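**Q** Sequence:
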Amino acid sequence: MTNNANVSAESTPELVVTRTFDAPRELVWKAWTEREHLLRWSCPKDFAVTYAEGDLRPGGEWKSGMLAPDGREFHVRGEYRAIEPPERLVFTHVWVEEEGPPPRETVVVVSLREEEGKTIMTFEQSGFRSQASRDSHRDGWGEAFANLEAHLGQHGRAIAMTC
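To convert, note that position 72 of the sequence shown is 669 in my numbering; the numbers rise steadily by one, no gaps.
It should be emphasised that the hints constitute simulated quantities derived from the structure, not laboratory data.
Mixed in with the good hints there might be a few duds.
Derived DSSO-like pairs: lysine-lysine, alpha-carbon spacing no greater than 27 Å straight-line [said to hold, decoys possible]:
#1 LYS642 with LYS660
#2 LYS642 with LYS627
#3 LYS715 with LYS642
#4 LYS715 with LYS627
#5 LYS627 with LYS660
Because the structure is a prediction, the values reported are computed rather than measured.
Take the sequences, apply the hints, and build the full model.
**A** Structure (structure tokens):
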């Protein structure tokens, strides 16, 4: 597995992460687009995914929820902008908050390339309000991608896995 995070020097921080998974691209694509997979990996360490729903088509909405170890709930939603199986997925990402300033919409691009039976994933997220927000997302996604790697390694086994 390779994990590289790059930070743009532009005024709007951007997150770029490249990971290599020992799994075929079609399986990694399913992990990003199918509910039964998303429920098993799409949260940080020690969190649990409570729901994952989506209308996988351009303009279709998606939403997900997570439960933190301290009992707090987090909800996120967005809209699919581009779907190019099994190579590229583009969607918006907005935290659903009940208090505070209006949430900031970011854009996520997931690109998948197969090489020698492995999948090289490039994850890009742009539009953060601040470097602190970008860094918090980098940490959360890093833990989620570790969950994804474990899920891909266990795919096909009857093992219940929690995030």
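**Q** Against this structure, judge whether each hint is valid.
**A** Each hint tested on the structure:
Only pairs whose Cα atoms come within 27 Å are accepted, and LYS642 paired with LYS660 is accepted, the gap being roughly 19 Å. The hinted pair formed by LYS642 and LYS627 meets the criterion: a straight-line CA distance of about 21 Å does not exceed 27 Å. Note on LYS715 and LYS642: the hinted pairing holds, with a Cα-Cα distance of about 24 Å set against a maximum of 27 Å. Restraint check: the Cα-Cα separation between LYS715 and LYS627 comes to about 15 Å, which is no more than 27 Å; the hinted pair holds.
Of the supplied pair hints, the one linking LYS627 and LYS660 holds, its CA atoms being roughly 17 Å apart against a limit of 27 Å.
The structure shown violates none of the earlier numbered hints.
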